[in-house]
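Q: Please model the complete structure; the sequences and the hints are all you need to start from.
Number of protein chains: 4
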Amino acid sequence: MEINWDAFLAPYAQAVEELKVKLRGIRKQYRQGNTHVPIEFVTGRVKPADSILAKADLRHIALENLESEMQDIAGLRIMCQFVEDIQDVVKMLKKRKDFTIIDEKDYVMHKKESGYRSYHVVIEYPVQLINGEKKILAEIQIRTLAMNFWATIEHSLNYKYQDELPQEISERLERAAEAAFQLDEEMSQIREEIQEAQHLFSYSKGRKKKESGQDRLS
Amino acid sequence: MEINWDAFLAPYAQAVEELKVKLRGIRKQYRQGNTHVPIEFVTGRVKPADSILAKADLRHIALENLESEMQDIAGLRIMCQFVEDIQDVVKMLKKRKDFTIIDEKDYVMHKKESGYRSYHVVIEYPVQLINGEKKILAEIQIRTLAMNFWATIEHSLNYKYQDELPQEISERLERAAEAAFQLDEEMSQIREEIQEAQHLFSYSKGRKKKESGQDRLS
Amino acid sequence: MEINWDAFLAPYAQAVEELKVKLRGIRKQYRQGNTHVPIEFVTGRVKPADSILAKADLRHIALENLESEMQDIAGLRIMCQFVEDIQDVVKMLKKRKDFTIIDEKDYVMHKKESGYRSYHVVIEYPVQLINGEKKILAEIQIRTLAMNFWATIEHSLNYKYQDELPQEISERLERAAEAAFQLDEEMSQIREEIQEAQHLFSYSKGRKKKESGQDRLS
Amino acid sequence: MEINWDAFLAPYAQAVEELKVKLRGIRKQYRQGNTHVPIEFVTGRVKPADSILAKADLRHIALENLESEMQDIAGLRIMCQFVEDIQDVVKMLKKRKDFTIIDEKDYVMHKKESGYRSYHVVIEYPVQLINGEKKILAEIQIRTLAMNFWATIEHSLNYKYQDELPQEISERLERAAEAAFQLDEEMSQIREEIQEAQHLFSYSKGRKKKESGQDRLS
Numbered sequence: 006m007e008i009n010w011d012a013f014l015a016p017y018a019q020a021v022e023e024l025k026v027k028l029r030g031i032r033k034q035y036r037q038g039n040t041h042v043p044i045e046f047v048t049g050r051v052k053p054a055d056s057i058l059a060k061a062d063l064r065h066i067a068l069e070n071l072e073s074e075m076q077d078i079a080g081l082r083i084m085c086q087f088v089e090d091i092q093d094v095v096k097m098l099k100k101r102k103d104f105t106i107i108d109e110k111d112y113v114m115h116k117k118e119s120g121y122r123s124y125h126v127v128i129e130y131p132v133q134l135i136n137g138e139k140k141i142l143a144e145i146q147i148r149t150l151a152m153n154f155w156a157t158i159e160h161s162l163n164y165k166y167q168d169e170l171p172q173e174i175s176e177r178l179e180r181a182a183e184a185a186f187q188l189d190e191e192m193s194q195i196r197e198e199i200q201e202a203q204h205l206f207s208y209s210k211g212r213k214k215k216e217s218g219q220d221r222l223s
Numbered sequence: 006m007e008i009n010w011d012a013f014l015a016p017y018a019q020a021v022e023e024l025k026v027k028l029r030g031i032r033k034q035y036r037q038g039n040t041h042v043p044i045e046f047v048t049g050r051v052k053p054a055d056s057i058l059a060k061a062d063l064r065h066i067a068l069e070n071l072e073s074e075m076q077d078i079a080g081l082r083i084m085c086q087f088v089e090d091i092q093d094v095v096k097m098l099k100k101r102k103d104f105t106i107i108d109e110k111d112y113v114m115h116k117k118e119s120g121y122r123s124y125h126v127v128i129e130y131p132v133q134l135i136n137g138e139k140k141i142l143a144e145i146q147i148r149t150l151a152m153n154f155w156a157t158i159e160h161s162l163n164y165k166y167q168d169e170l171p172q173e174i175s176e177r178l179e180r181a182a183e184a185a186f187q188l189d190e191e192m193s194q195i196r197e198e199i200q201e202a203q204h205l206f207s208y209s210k211g212r213k214k215k216e217s218g219q220d221r222l223s
Numbered sequence: 006m007e008i009n010w011d012a013f014l015a016p017y018a019q020a021v022e023e024l025k026v027k028l029r030g031i032r033k034q035y036r037q038g039n040t041h042v043p044i045e046f047v048t049g050r051v052k053p054a055d056s057i058l059a060k061a062d063l064r065h066i067a068l069e070n071l072e073s074e075m076q077d078i079a080g081l082r083i084m085c086q087f088v089e090d091i092q093d094v095v096k097m098l099k100k101r102k103d104f105t106i107i108d109e110k111d112y113v114m115h116k117k118e119s120g121y122r123s124y125h126v127v128i129e130y131p132v133q134l135i136n137g138e139k140k141i142l143a144e145i146q147i148r149t150l151a152m153n154f155w156a157t158i159e160h161s162l163n164y165k166y167q168d169e170l171p172q173e174i175s176e177r178l179e180r181a182a183e184a185a186f187q188l189d190e191e192m193s194q195i196r197e198e199i200q201e202a203q204h205l206f207s208y209s210k211g212r213k214k215k216e217s218g219q220d221r222l223s
Numbered sequence: 006m007e008i009n010w011d012a013f014l015a016p017y018a019q020a021v022e023e024l025k026v027k028l029r030g031i032r033k034q035y036r037q038g039n040t041h042v043p044i045e046f047v048t049g050r051v052k053p054a055d056s057i058l059a060k061a062d063l064r065h066i067a068l069e070n071l072e073s074e075m076q077d078i079a080g081l082r083i084m085c086q087f088v089e090d091i092q093d094v095v096k097m098l099k100k101r102k103d104f105t106i107i108d109e110k111d112y113v114m115h116k117k118e119s120g121y122r123s124y125h126v127v128i129e130y131p132v133q134l135i136n137g138e139k140k141i142l143a144e145i146q147i148r149t150l151a152m153n154f155w156a157t158i159e160h161s162l163n164y165k166y167q168d169e170l171p172q173e174i175s176e177r178l179e180r181a182a183e184a185a186f187q188l189d190e191e192m193s194q195i196r197e198e199i200q201e202a203q204h205l206f207s208y209s210k211g212r213k214k215k216e217s218g219q220d221r222l223s
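Protein chains in written order, with my numbering: chain D, 6 to 223; chain X, 6 to 223; chain F, 6 to 223; chain Y, 6 to 223.
Hint data in this document are derived by calculation from the structure and do not stem from the laboratory.
Heads up, a few of these hints could be off.
Identical copies look the same in the list; a pair holds intra-copy or inter-copy alike.
Below, computed lysine-lysine pairings styled on DSBU-like, alpha-carbon distance capped at 30 Å [unchecked claim]: (1) Lys-165 - Lys-139; (2) Lys-139 - Lys-117; (3) Lys-139 - Lys-100; (4) Lys-102 - Lys-165; (5) Lys-25 - Lys-100; (6) Lys-165 - Lys-117; (7) Lys-139 - Lys-116; (8) Lys-140 - Lys-165.
Keep in mind it's a predicted model, so treat the numbers as computed, not measured.
A: Next up, the structure:
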């Protein structure tokens, strides 16, 4: 089966563009609401043809079933500051009426053997084409910065070693996963204290913006 | 002294836009060169008027000296995967002829008391205005993802507590800085092993791209 | 009635961002389809607060009815090469399922007294907010480059003369409208001949891409 | 001679991205200055490999001389409202210190036989690469919307007829060039009257923003 990749990937590319604008828009809304912003940044990509073919081979997906069986041809990623933000983001995604959630995988509560942690949501998203509507699958990964950090490293390593990690490297990667997990744990505790403190504050005094050395770049 | 902020900030905003395109372009070059890409992502911002005023107050900078004495009105941030990448990025910035480096601060080797780590480069950048060239100062911060992660948290905390962190929070923040540092250390060691492995590999077999479960979103 | 403009305009801004990505995506689809591309470019804007207030005043719209009675707070504009493209674009918009068309005004067939020509489509577009879906109104203007050219000039003149155009200027503007109309007429005739020629060609010989001196910048 | 197109075109693509940000920045400056904005919009493109090869063939440019002899591999286009704006833009480009103008062609005063009108400026622009600075050539075309309109049509026609326009089409194209020219003439006269009027106005009364039916989309 010969695939015209430009034509095949076009609706996925359009979906990714639309979803990036939509998910980034959520961040702006939280900011304006002056509440905690659970989204740090949003990225998106269309899986390249060679990666699609390699994965289809690995998972025994026939090329004529790509659209229905490969869920991450369109991929979005939402980065959060705190582990707790992940559930807030998932809840908010479930409220949306512009797509349907058809699958969820909680690799935060149930991390993969490799140490990989992330929350995956698979959606069915309607793209309006010249000739009518087409529903495509897309995967949204929600994770903390520490989870993202680790996953980036793991990806590089697997890429270089072609999935056959030497014992030594493999052990280090586990220790790194542990360090990333600890970072998230520390942050969660800090978060709780911030919230308690905020509660106390709100009775005792007003708040004003103040220069704190590091401001936010976006 | 009354400042027309729109007019005052316009050349800084233009500089930030140009530098974002320039620094992001570097990333593309590394990618095409098929070598390790030392830049993960680049962000930029112009310091808002109220933050400028607060900082000028704190540092006793007279408003008529803002242009020459406040170095981070235009701010760029380059995020790296490995600590070692930071020096590569700095070297590469020094080769450029479109700006002049006028100051450097190495908070990676010499972290701040707070635990803050980053490499700061202050540049003089010429912006072409309708009425001629204007040289402005801009600060480029270069840091790993782990350093950035910690700095984001510290910024939130300082913002909320207005620089008077309770002892409890302050200690947690130190532990978080330690965890972030450990993460960078682990990564550095993994990096070395990757490079050794690559060296060995290059004698024994060719390399081909392979699906590894997590691909890169950008 | 006091309006919080940032909050009021936010869903409109989000809608404009989403619709720009969606309408520009259409252009890509036509291009890939290798057929005539009826869309030259797409622009969008949110009406500024002062323009909203001025128009509400002029049209006697109570501020509490802005959402339901002012249709162009969110505005999109689609520029076409040929007058005939306008109807193709309108037909294609009507096929979409991500918004509902609730009004149409055909100032192409029935130009305004001022000479203004354009096709206006008013849509109801659902924006997904943190707290649920909100349907907003948006106006899509579809026009040729010549119509757009004239409208830009008319806008400048009305802005400068505050809607009280001197007789002299007013007459010139009419002559300019006439010239713009002629340009569109000439183009329509050229278009027909192109299509006939294409028909003839397709029997006699193949087509290949060729350098023609001016290529397309986008 | 085999060309690695990705590597060859990369510095041109980078230059186009930088110049788009720079030239669009000019527009913002004029707007903030509250003076007439001589730039309507700016587009840019890198010439595709097949167009480069076709043009090299047509103009007898050896592939090893592409960098020095083909001036429009990187192309920018600045659209103006009035013919008079073109000279203002050219003067402003000449003041810039971030590139050197090495050639100018005035097809506004001296239109091409085909009817083509535009002002071309060829610049030498320094791009900072990982391995050092590289100077590349880029062409900036400055034209009114009417000139652009006509050129777009001519491009389509030449593309379809492969530069052998039938007499009938060729004559229509000339009439269209004439209509476009008339449109620019009318606009110039309106422009003069606007300026006179502004002069008179400034003695007699203040100016205030007013809703004029069509606002600006950008």
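Q: So, for every hint listed, does it hold in this structure?
A: Results of checking the hints against the structure:
| no. | hint | in the structure |
| --- | --- | --- |
| 1 | Lys-165 - Lys-139 | neither (37 Å within a copy, 32 Å between copies) |
| 2 | Lys-139 - Lys-117 | neither (33 Å within a copy, 38 Å between copies) |
| 3 | Lys-139 - Lys-100 | both (22 Å within a copy, 12 Å between copies) |
| 4 | Lys-102 - Lys-165 | neither (41 Å within a copy, 34 Å between copies) |
| 5 | Lys-25 - Lys-100 | both (17 Å within a copy, 24 Å between copies) |
| 6 | Lys-165 - Lys-117 | within (20 Å within a copy, 35 Å between copies) |
| 7 | Lys-139 - Lys-116 | neither (33 Å within a copy, 37 Å between copies) |
| 8 | Lys-140 - Lys-165 | neither (35 Å within a copy, 35 Å between copies) |
Hint compliance for this structure: hints 1, 2, 4, 7, 8 are broken, all remaining hints hold.
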